[in-house]
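Using the sequences provided together with the hints, build the complete structure.
Note that the protein sequences, when read in sequence, are chains A and P. Heads up: the first sequence at position 66 corresponds to 74 in this note's numbering, and the numbers run straight through without jumps. Heads up: the second sequence at position 47 corresponds to 1514 in this note's numbering, and the numbers run straight through without jumps.
By construction, these hints were calculated from the structure, which means they are not laboratory data. We put the beta carbon where it would ideally sit given N, CA and C, even for glycine. A hint or two may mislead.
Claimed, not checked - 27 angstroms max Cα-Cα, derived BS3-like pairs, lysine-lysine:
id	chain 1	residue 1	chain 2	residue 2
1	P	Lys-1469	A	Lys-65
2	A	Lys-78	A	Lys-61
3	P	Lys-1509	A	Lys-26
4	P	Lys-1469	P	Lys-1509
5	A	Lys-79	A	Lys-65
6	A	Lys-26	A	Lys-79
7	A	Lys-11	P	Lys-1509
8	P	Lys-1512	A	Lys-78
9	A	Lys-79	P	Lys-1512
10	A	Lys-63	P	Lys-1546
11	A	Lys-78	A	Lys-63
12	A	Lys-26	A	Lys-65
13	P	Lys-1509	A	Lys-79
14	A	Lys-21	P	Lys-1509
15	A	Lys-79	A	Lys-61
16	P	Lys-1546	P	Lys-1509
17	P	Lys-1509	A	Lys-65
18	A	Lys-63	P	Lys-1512
19	A	Lys-65	P	Lys-1512
20	A	Lys-65	A	Lys-11
21	P	Lys-1512	A	Lys-11
22	A	Lys-63	A	Lys-21
Unchecked claim - According to the in silico footprint, chain P covers these stretches of chain A (three or more CB under 8 angstroms from chain P):
id	segment
23	34-48
24	112-121
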Amino acid sequence: DVKVTQSSRYLVKRTGEKVFLECVQDMDHENMFWYRQDPGLGLRLIYFSYDVKMKEKGDIPEGYSVSREKKERFSLILESASTNQTSMYLCASSANGGLETQYFGPGTRLLVL
Amino acid sequence: RKEVEQDPGPFNVPEGATVAFNCTYSNSASQSFFWYRQDCRKEPKLLMSVYSSGNEDGRFTAQLNRASQYISLLIRDSKLSDSATYLCVVNQGGRRALTFGSGTRLQVQP
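What follows is the structure, given as structure tokens:
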């Protein structure tokens, strides 16, 4: 079974704080993704990575950065958290980018005060 | 226009009913199509891939119409456990990423 884990299920941060969300997958997948999910807007792609140290912007990268130093780990960084970044953050991985099934982690619900 | 559009619902149906969801996509270069299911406060999980010739998995049937850029999901003999949000998912043709629809919520009632 594919397993994608995320470092926290719930997180509360203050405006201006630096926030790290970590994601680890155990299936040796090349591709990893970060999404945020908001009511009425669905899942929106923030960043993705198709190889170690490689990254591509998704549809809403502003205010975020990512890091992929190891194949199994993909981190999402909020350099200076803002209240409009309060959301559910979902990490996913897949073996072949947009052509194959993506497997999701349980999500991190982030509240920025 | 959104890249993937779905009717948000909710669809409220009695147990045993047949229900159909539709989805349209805008990128004619899309090659891969999926239906995902998301339970309340859980992560999305793959329900089924959608193939050009249409495919069936038990009570679930998926259809693809490339000419009209339209995907459908039919659920027969609905169960209470089918209550969830169903996400239409399309790859972006040329980009190694998927685009998710906002989802259609299904509530099956006893």
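Hint check:
For the proposed pair Lys-1469(P) and Lys-65(A), the alpha carbon gap of about 18 angstroms is at most 27 angstroms, so the pair holds. A threshold of 27 angstroms between alpha carbons decides the hint, and for Lys-78(A) with Lys-61(A) the separation of about 8 angstroms falls inside it, so the pair holds. Distance hint between Lys-1509(P) and Lys-26(A) is fulfilled; the C-alpha atoms sit about 26 angstroms from each other, no more than 27 angstroms. At roughly 24 angstroms between alpha-carbon atoms, Lys-1469(P) and Lys-1509(P) fall within 27 angstroms of each other, so this suggested pair holds.
With a C-alpha separation of about 18 angstroms, the suggested pairing of Lys-79(A) with Lys-65(A) holds against the 27 angstroms cut-off. Distance restraint check for Lys-26(A) and Lys-79(A): the Cα-Cα separation of roughly 23 angstroms lies within the 27 angstroms cut-off, and the hinted pair is therefore satisfied. This hinted pair checks out: Lys-11(A) and Lys-1509(P) have alpha carbons roughly 15 angstroms apart, not beyond 27 angstroms. Simply put, Lys-1512(P) and Lys-78(A) have alpha-carbon atoms about 25 angstroms apart, close enough for the 27 angstroms limit, and the pair holds.
With a C-alpha separation of about 22 angstroms, the suggested pair Lys-79(A) and Lys-1512(P) falls inside the 27 angstroms cut-off, and the hint holds. At most 27 angstroms may separate the alpha-carbon atoms for a hinted pair to count; Lys-63(A) and Lys-1546(P) exceed this at roughly 42 angstroms. Between Lys-78(A) and Lys-63(A) the CA atoms are separated by roughly 12 angstroms; this keeps the pair inside 27 angstroms, and the hint holds. Under the criterion of a C-alpha separation no larger than 27 angstroms, the hint pairing Lys-26(A) with Lys-65(A) is consistent with the structure, at around 20 angstroms.
Between Lys-1509(P) and Lys-79(A) the CA atoms are separated by roughly 25 angstroms; this keeps the pair inside 27 angstroms, and the hint holds. As the CA atoms of Lys-21(A) and Lys-1509(P) are separated by approximately 22 angstroms, the hinted pair is consistent with the 27 angstroms bound. Annotation: proposed proximity of Lys-79(A) to Lys-61(A) holds, straight-line Cα distance about 9 angstroms (limit 27 angstroms). Restraint check: the Cα-Cα separation between Lys-1546(P) and Lys-1509(P) comes to about 19 angstroms, which is no more than 27 angstroms; the hinted pair holds.
This hinted pair checks out: Lys-1509(P) and Lys-65(A) have alpha carbons roughly 25 angstroms apart, not beyond 27 angstroms. A distance of roughly 24 angstroms separates the Cα atoms of Lys-63(A) and Lys-1512(P); the hinted pair therefore holds under the 27 angstroms criterion. A threshold of 27 angstroms between alpha carbons decides the hint, and for Lys-65(A) with Lys-1512(P) the separation of about 24 angstroms falls inside it, so the pair holds. Pair hint Lys-65(A) plus Lys-11(A) holds up; C-alpha atoms about 24 angstroms apart against a cutoff of 27 angstroms.
Only pairs whose Cα atoms come within 27 angstroms are accepted, and Lys-1512(P) paired with Lys-11(A) is accepted, the gap being roughly 12 angstroms. Straight-line distance between C-alpha atoms of Lys-63(A) and Lys-21(A) comes to about 26 angstroms, which keeps the hinted pair within the 27 angstroms bound. Counting residues of the segment 34-48 of chain A whose CB falls under 8 angstroms from any CB of chain P gives 4; the rule of at least 3 is met. Counting residues of the segment 112-121 of chain A whose beta carbon lies closer than 8 angstroms to any beta carbon of chain P gives 4, which meets the minimum of three for the stated coverage.
In this structure, only the earlier hint numbered 10 is contradicted, and the remaining ones agree with it.
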